[in-house]
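If you read the sequences in order, they're chains A and B. Counted from 1, the first sequence has number 156 at position 156 by this note's numbering; the numbering is strictly sequential. Counted from 1, the second sequence has number 161 at position 161 by this note's numbering; the numbering is strictly sequential.
It is possible that some hints are incorrect.
Sample of chain B residues with no beta-carbon within 12 Å of chain A, all distances over it, derived [said to hold, decoys possible]:
#1 F48
#2 T49
#3 K276
Which stretches of chain A does chain B cover? Using the computed rule of at least three CB atoms under 8 Å from a CB of chain B, they are [what the hints assert, rightly or not]:
#4 21-33
#5 442-451
#6 485-493
#7 502-509
No wet-lab data here; the hints were simulated from the structure. In this text, a Cβ means the ideal position worked out from N, Cα and C, and glycines have one as well.
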Amino acid sequence: MEGLADSRILIPARTKSRRTQAAIEQGIKAFFGGNALVAVIVLALITIFLFREGFGFFGQNLANLRLYRQAGLEYVDIIRATAAQHEALSRKLSEIRLRQVRVMEKRNAPLDEINAALASFDQFASAFSDTAENLHGLVSDLTEQASGLKERLFARAELLAQRSQLEQNGEHDAAAKIVLPEIDRKSAFDSLHQGAATFESVSAEMTAKLYNLLATAPPLPDPGGQKAFEQWKTQTREYLAGLPAASEKLRSWSPDTAIPWYRSISSFLFGREWVTASFWQDWYGIVPLLVGSVMVSLVALLIAVPLGVASAIYVSEVASRHEKRLIKPYIEFISAIPSVVLGFFGIAVVGQAVRAASQSSFFKWVSFFPISERLNIFTAGCLLALMAVPTIFTLAEDALRNVPRGFKEASYAMGANRLQTIARVIVPASLSGIVSAILLGLGRVIGETMVVLLCAGNRIAIPDFTQGLGTIFQPVHTMTGIIAQEMGEVVRGSTHYRALFMVGLVLFTITLGINYLAQKFVARFRMSIG
Amino acid sequence: MTHPTHRTYQRSVERLVFWLFRLATYLVLAAATYIFLDIGIKGGRTVFTSTPPFINVPFLTEPPQTLYVFDFEGKKMTLGDREFRQWKTAHPGVEVEATSIAYSAGGIWPCIVGTALLVIGSMVLALGIGISSAIYLSEYSRNGPLIRLVRIAILNLAGVPSIVFGLFGFGLFVIFFGWNVSLIAGWFTLGLMVLPAIITASEESLRAVPQGLREGSLALGASKWQTIRKNVLPYALPGILTSSILGIARVAGETAPIMFTAAYAMKDEMPWQVAKFTDFFFQGVMALPYHIYVVSSKIPQNEYTERVQYGGAFVFLFLVMLIALTSIVLRERSRSRLSW
Chain A
1 MEGLADSRIL IPARTKSRRT QAAIEQGIKA FFGGNALVAV IVLALITIFL
51 FREGFGFFGQ NLANLRLYRQ AGLEYVDIIR ATAAQHEALS RKLSEIRLRQ
101 VRVMEKRNAP LDEINAALAS FDQFASAFSD TAENLHGLVS DLTEQASGLK
151 ERLFARAELL AQRSQLEQNG EHDAAAKIVL PEIDRKSAFD SLHQGAATFE
201 SVSAEMTAKL YNLLATAPPL PDPGGQKAFE QWKTQTREYL AGLPAASEKL
251 RSWSPDTAIP WYRSISSFLF GREWVTASFW QDWYGIVPLL VGSVMVSLVA
301 LLIAVPLGVA SAIYVSEVAS RHEKRLIKPY IEFISAIPSV VLGFFGIAVV
351 GQAVRAASQS SFFKWVSFFP ISERLNIFTA GCLLALMAVP TIFTLAEDAL
401 RNVPRGFKEA SYAMGANRLQ TIARVIVPAS LSGIVSAILL GLGRVIGETM
451 VVLLCAGNRI AIPDFTQGLG TIFQPVHTMT GIIAQEMGEV VRGSTHYRAL
501 FMVGLVLFTI TLGINYLAQK FVARFRMSIG
Chain B
1 MTHPTHRTYQ RSVERLVFWL FRLATYLVLA AATYIFLDIG IKGGRTVFTS
51 TPPFINVPFL TEPPQTLYVF DFEGKKMTLG DREFRQWKTA HPGVEVEATS
101 IAYSAGGIWP CIVGTALLVI GSMVLALGIG ISSAIYLSEY SRNGPLIRLV
151 RIAILNLAGV PSIVFGLFGF GLFVIFFGWN VSLIAGWFTL GLMVLPAIIT
201 ASEESLRAVP QGLREGSLAL GASKWQTIRK NVLPYALPGI LTSSILGIAR
251 VAGETAPIMF TAAYAMKDEM PWQVAKFTDF FFQGVMALPY HIYVVSSKIP
301 QNEYTERVQY GGAFVFLFLV MLIALTSIVL RERSRSRLSW
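Whenever a hint applies, use it, and build me the whole structure from the sequences.
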């Protein structure tokens, strides 16, 4: 019988009943279908869990902001801001001095002569910084008071939370045992409010002293320095004119003014400070991180787009067959370099090289060289560019290759040469494909973690854009970097923990948006080539 | 007609622009080559030796140790943790002021093991789910709103940053499921991360199997599943596996997703030294990429640390590139051979 009848002939001899057969088939289909749904489920779960862990942030941050006001920290910060402005002016004075010294050194003046010429200026500068002595004293006094109050309020809130937790569990006896300490906020605020009167007298005294000082300001030998000094004087006058506004603010300030709920959201989205684990006040503003991510990605794209698109055009239109067979796999190969190895290479080699280059005499004419930090936006951007090139190259080359042959032939038939054909026919026809390649490259770069964590310098501050092109040699911190760096150390469920999840959510939203745009462009590309 | 001088002018412009394109291309290749050479040469000093067996076996087979550097009788001594203790017992009464540098002695064996475990587990997971989804998408599904949704989800999932996967894995597996920092949490996180790539590659391979093979089988009375099992999968599987190797390279190379789901900076026991069998899945492991992150950011850069830093990077790069190279070579070969 062997070899005569296989079980796969039209009507099998022994069949399970049709119905079981169909049920099994249905089951298998359902199994595969269920697996196909995993992608949807995972995407949904990512969204859900980012929200789940992150959403409590707004409530907690609101409480955090309310405590900031109720404990009077905000009140102290008004005074602190004026003290900080004073310090900034002081710093500017020493900058002016430094410039003076440099100018005189260029004229080969000996050090003694420089010091002699600047003696009256130095006297002026030290007198200036002395004027704020009382102000600083006031700030440190009030700081102590306010942080003490904050601590007590915080402890009370903790106990309150504990008690309500116990009551929820039905342990009323234990809950009743927790005694909430009474906090005499009124007297605390009265003593704080006396700060306003002190501030007024301090600032009046300082104003008088400063006007006197300004009247006796010594001239500077160098006209450039003198100009900067005059500018500084106007700034100081503006500062003094602003002092009454600060004391007005102090007088009208009240700890009981309500903080609207949306402040919690706006302080996250537009907050310019990310300060955590501080004894004074934590701020969770995403702007410095967002700016860092965007700056690094921009630098990376500025390098990667010309390289990636040029090499895509080269490989698809210019290169010989042999070159193609070598270059394409090699660039694909580059995309497999692990990001952490690139990051390590950045620390060990690129950062040093960038700093060494900035110190070389060849670049002496560049105003912002030599740079102080070897790990900065530029270092990270260079390495990220290398990660983005393979993505951009592969997708752009695909788009270029998919331009129908007829387009090219028609162009040649009209007498155009190869460059004209590329520039006027092939690239325009595949433009939306190339744009989508660039967008996907951007998505890869903005979501990359290890390179920026290791090479971007990790300083949480908005870079100083007044430095022009020198901005890209400043260290920044990024959204991906902050998650990777701080997630391991935070307390679960704390405001900080939830803030990191919110950063993740913002990152997720941004990459989804980029992806969506890229898909739009791909669709347009398919339309354009028919 | 264009004027002849105009044409020569255009020809030289063309040549110039093409040279610029060529320059850009080779610049990229040169940059990558420089990285390979730098890590290859400096890391090679750690991994290879000039005497037989030519490979630094202890570096590959020992766990990381703390390095002690000190002066003794005018000589600079550098000893690993264990040797340092032996030396101390051999020299009783000698007080030395030793600087200790973490992770800088010993080798990277536990990291290699941990990475291998992570890769195997997550690839099994990803291939299982990925191939099944691809079979559904290419063999069963008809275009409908649900399938469109699935395709959109796959496309978008491919663009999700790896650190977001890490956060997700942390929120779901580590906290919500209570698996803590563990191998299994890392498997799921990494597996789901490469899923889109596996699905896309598998579907491509399945679709490349000619329709006639399916129709022939169905015409003989085979059921749908029989057709897929006997006439589609055998032909698609080599392609699926080849493309999936690139997924392995990605899984092995990622650091961000395992940072807070599976990786420990330091662990004394090897993964198989567990009290009971189930503990195996719920233990954190050391992983090569995380180890490289730790040694390049947490300890200073100097002559003593260069050994582990470059050595680790070399071994890791070598392994990942080997996987990637296998995938690329196999694919180039199958492209030229396979034509239906």
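query = So which hints don't hold here, by number, going up?
reply = none
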